[in-house]
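K.L.:
For reference, the chains in residue letters:
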Amino acid sequence: MQLPHEVEILKQRVADLTSLIDVSAIISTTLELDELINLVMQKAMTVMRAEASSIMLLNENSNRLECRFALGSVKEKVRNKIELKVGQGIAGWVAETGEPLIVRDVSKDHRFYQAVDRETGFITRSILAAPLKTTSGIIGVAEVINRLDGKPFDNHNLEIFSTFCRQVALAIENAKAHQYILEQQRLKQQLDSAHIIQQSFMPQTFPQSKESGFQVYGKNIPATSVGGDLFDCLEQNANHLGLIIGDVSGKGIPAAIFMARLVSDLRYYSQLKKDATETLMAINTLLMERSRRGMFVTLQYLALDTDSGKLSIVNGGHMPPLWIHNGTFKSEWLRCDSGIPLGILPDLSLSKHEIQLQAGDCVVMFTDGIIEARNSKGEFFSLDRLQHFLENEWASPEDLVKALIGQALSFSQGRPQHDDITVLALKWH
Amino acid sequence: MLDIQSKKVDNAVIINIKGDVDLYSSPQIRKVLLELIQKESPAIFVDLQEVNYMDSSGVATLVEALQRAKKYGGRLFIYHLQGAVQDVFELSRLDKVFQIYPDETEAMKAYHDEN
Numbered sequence: 001m002q003l004p005h006e007v008e009i010l011k012q013r014v015a016d017l018t019s020l021i022d023v024s025a026i027i028s029t030t031l032e033l034d035e036l037i038n039l040v041m042q043k044a045m046t047v048m049r050a051e052a053s054s055i056m057l058l059n060e061n062s063n064r065l066e067c068r069f070a071l072g073s074v075k076e077k078v079r080n081k082i083e084l085k086v087g088q089g090i091a092g093w094v095a096e097t098g099e100p101l102i103v104r105d106v107s108k109d110h111r112f113y114q115a116v117d118r119e120t121g122f123i124t125r126s127i128l129a130a131p132l133k134t135t136s137g138i139i140g141v142a143e144v145i146n147r148l149d150g151k152p153f154d155n156h157n158l159e160i161f162s163t164f165c166r167q168v169a170l171a172i173e174n175a176k177a178h179q180y181i182l183e184q185q186r187l188k189q190q191l192d193s194a195h196i197i198q199q200s201f202m203p204q205t206f207p208q209s210k211e212s213g214f215q216v217y218g219k220n221i222p223a224t225s226v227g228g229d230l231f232d233c234l235e236q237n238a239n240h241l242g243l244i245i246g247d248v249s250g251k252g253i254p255a256a257i258f259m260a261r262l263v264s265d266l267r268y269y270s271q272l273k274k275d276a277t278e279t280l281m282a283i284n285t286l287l288m289e290r291s292r293r294g295m296f297v298t299l300q301y302l303a304l305d306t307d308s309g310k311l312s313i314v315n316g317g318h319m320p321p322l323w324i325h326n327g328t329f330k331s332e333w334l335r336c337d338s339g340i341p342l343g344i345l346p347d348l349s350l351s352k353h354e355i356q357l358q359a360g361d362c363v364v365m366f367t368d369g370i371i372e373a374r375n376s377k378g379e380f381f382s383l384d385r386l387q388h389f390l391e392n393e394w395a396s397p398e399d400l401v402k403a404l405i406g407q408a409l410s411f412s413q414g415r416p417q418h419d420d421i422t423v424l425a426l427k428w429h
Numbered sequence: 001m002l003d004i005q006s007k008k009v010d011n012a013v014i015i016n017i018k019g020d021v022d023l024y025s026s027p028q029i030r031k032v033l034l035e036l037i038q039k040e041s042p043a044i045f046v047d048l049q050e051v052n053y054m055d056s057s058g059v060a061t062l063v064e065a066l067q068r069a070k071k072y073g074g075r076l077f078i079y080h081l082q083g084a085v086q087d088v089f090e091l092s093r094l095d096k097v098f099q100i101y102p103d104e105t106e107a108m109k110a111y112h113d114e115n
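Quick mapping for you: the protein sequence lines, in order, are chains A and B.
Positions 1 to 429 (our numbering) are the ones given, in order, by the first sequence.
Positions 1 to 115 (our numbering) are the ones given, in order, by the second sequence.
These are calculated hints, taken from the structure and not from any lab test.
A few of these clues could be false.
What the hints assert, rightly or not - Straight line, CA to CA, 30 Å or less: simulated DSSO-like cross-link-like pairs of lysine-lysine:
{"#": "1", "chain 1": "A", "residue 1": "K352", "chain 2": "B", "residue 2": "K96"}
{"#": "2", "chain 1": "B", "residue 1": "K96", "chain 2": "A", "residue 2": "K273"}
{"#": "3", "chain 1": "B", "residue 1": "K18", "chain 2": "A", "residue 2": "K377"}
{"#": "4", "chain 1": "A", "residue 1": "K176", "chain 2": "A", "residue 2": "K85"}
{"#": "5", "chain 1": "A", "residue 1": "K310", "chain 2": "B", "residue 2": "K96"}
{"#": "6", "chain 1": "A", "residue 1": "K274", "chain 2": "B", "residue 2": "K18"}
Work the whole structure out from these sequences, hints included.
P.N.:
In C-alpha cells:
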C-alpha cells in the first residue's frame, strides 16, 4: 500500500515529464524565435508554478545579458529594458559559471541584484536560474521567480527546469539557424536582382553595319552574382565606334559598385572628349580623386573608324587584345606601349597604337578571368591556349565569344569560376 | 591564412609574406602595412618569395600602401616576385608603378643609393 503523499509526488513527476514532452512538441511547431520563447516560457511558469519568468540572452558584442522575454505582473517594465553585465546579479552569475542555481531566499544572497525590484516594484523571494547552453557556449539565462505556493524552489524544481532549459537552448539555436538561412535567402534574392541590374549596364544589343561591314559581340560572366568587369560599345558619331573593356581590382560587391559608376563616367567622358586617350586621362583624374583602398581599373579603349577599318588602341594596364588575320588565321598580340592601370598615379602617360584591319580580321578583347580558368591539375587556361584556340575561322564575333567562353569553362571542368570573365570581339568584313 | 613576418633593419622594415594573396587574405597584409604607414616608416620592403599567387585585391593593397607612403615621403620596395606574380605585374604594367627588385640586396642597395 502506498502513502497518499508518495502518490501525490509520483503524480507530480508524471505531470512534469508530460510537460517536458509538451515542450518538445511546442519546439517542433515553430521556428519563429519570439513566438517560440513565449510558448515555452508560459509552459515553464505553469510547470514551475511560478509568479514570473524571464529569458536573458547574451549580447556577445557588449558581453551583457539583455532581457529578451518576461512573463508576470511587471513584464512590461522588464522586457527589453533590463540589462546585466556577465557576473552581475543571479543571472549574471549563472552566465559566468554556466551552473544552474536555486536561491531559496534572495534577501540572504549577496549576488542578488536589487535594482530590478526597486525599479519595477516587484518583490522577488526565490529564484530558479539555469544557463541556456548550446554547442557554441552559453547564449543566455532563463529564470523563474517565486513559487505560487510561497515556498522556495527545491532541487526537484531545479532538475526539471535544467532539462527544460536544455531544450529551450536547442530551440533558440535552431530558430537562430533558421533566421540565418532566411537572411541568406534574402541576400541571395538581392544579389540576383543586382546581377540583373548590373548586366543591364552592359550592352544587350550590339552595333553592326551591313554597309561598312563590322560586327561586335560581348559577354560578361561574373564569378559571383556581381563583379568588377565591364565592357561597352560607344557609337560617338556616324563613323566612329568605341569598344571598351575593363577590370576593376578585387571582385564582388565593392568592385561592382566601382564598376557601375565607372560605366556612366566612361559614357559621359567619351562623348565629351571624343578621343580614346583623352577619355582615359579624364577617367584617371576622376579615379585619383575618389579611389579608396588602392582600388584601380585596367581599361582598354579601341576606337574603330567604321569607314576605313582603321583601329586605334589605347591601353591602361589591360591585357593586350588579340588580332586574328583572315586567310592564314594566324594571330598577334597587340602589345602596344601600354600605360599603367587607372586610379594609381596622377601622372598617366598613354600612347595610341593604330592598325589597319583587313576584311575578315577579328580583334578579341578579354579580361584575365578567362585565362585564369583552372583545371583539376591547377593549370591555367593561359594566354597560349586562348591564342591557339582562337586561331581559326569565325563566322561571327558571337560565335567566337561563345566558343571561347565555352572552351575555358569546359577546361575548368565545372570547378567554381575564380574570377569574372568578359570577352568582347570585333569582326571587320 | 597568410603567414606574415616583419623585422626591423635600421630604419627600414622587411615584411615576408607566405601564401596566396587574394581578396580574403589581403586584409591581413593591409593591416600590417597600414600600421607601418601610420608610424611613417621611411622604407618598407616586401619580400614576395613565398607568394605564388596574387590577385588584383592583393595588388590594390600594395597600391594603397604605395599611395599612402608617398604622402609622407616613405618608400615601398618589392622583390622576389615569382613567375605568376611577376606576370600579373608585367601584364598590367604595374612594373612601371612599383620599385621592383630581384632580391633583398638589390632592393636595399637601391634604397641606400637614394639616400
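K.L.:
Each hint needs a verdict: does it hold in this structure or not?
P.N.:
Cross-check of the supplied hints:
1. K352/A x K96/B: holds (18 Å)
2. K96/B x K273/A: holds (26 Å)
3. K18/B x K377/A: OK: K18/B and K377/A at ~22 Å, within 30 Å.
4. K176/A x K85/A: At roughly 23 Å apart (the allowed maximum being 30 Å), K85/A and K176/A satisfy the hint.
5. K310/A x K96/B: Distance ~29 Å between K310/A and K96/B Cα, so the pair holds.
6. K274/A x K18/B: violated (46 Å)
Of the numbered hints listed earlier, the single one contradicted by the structure is hint 6.
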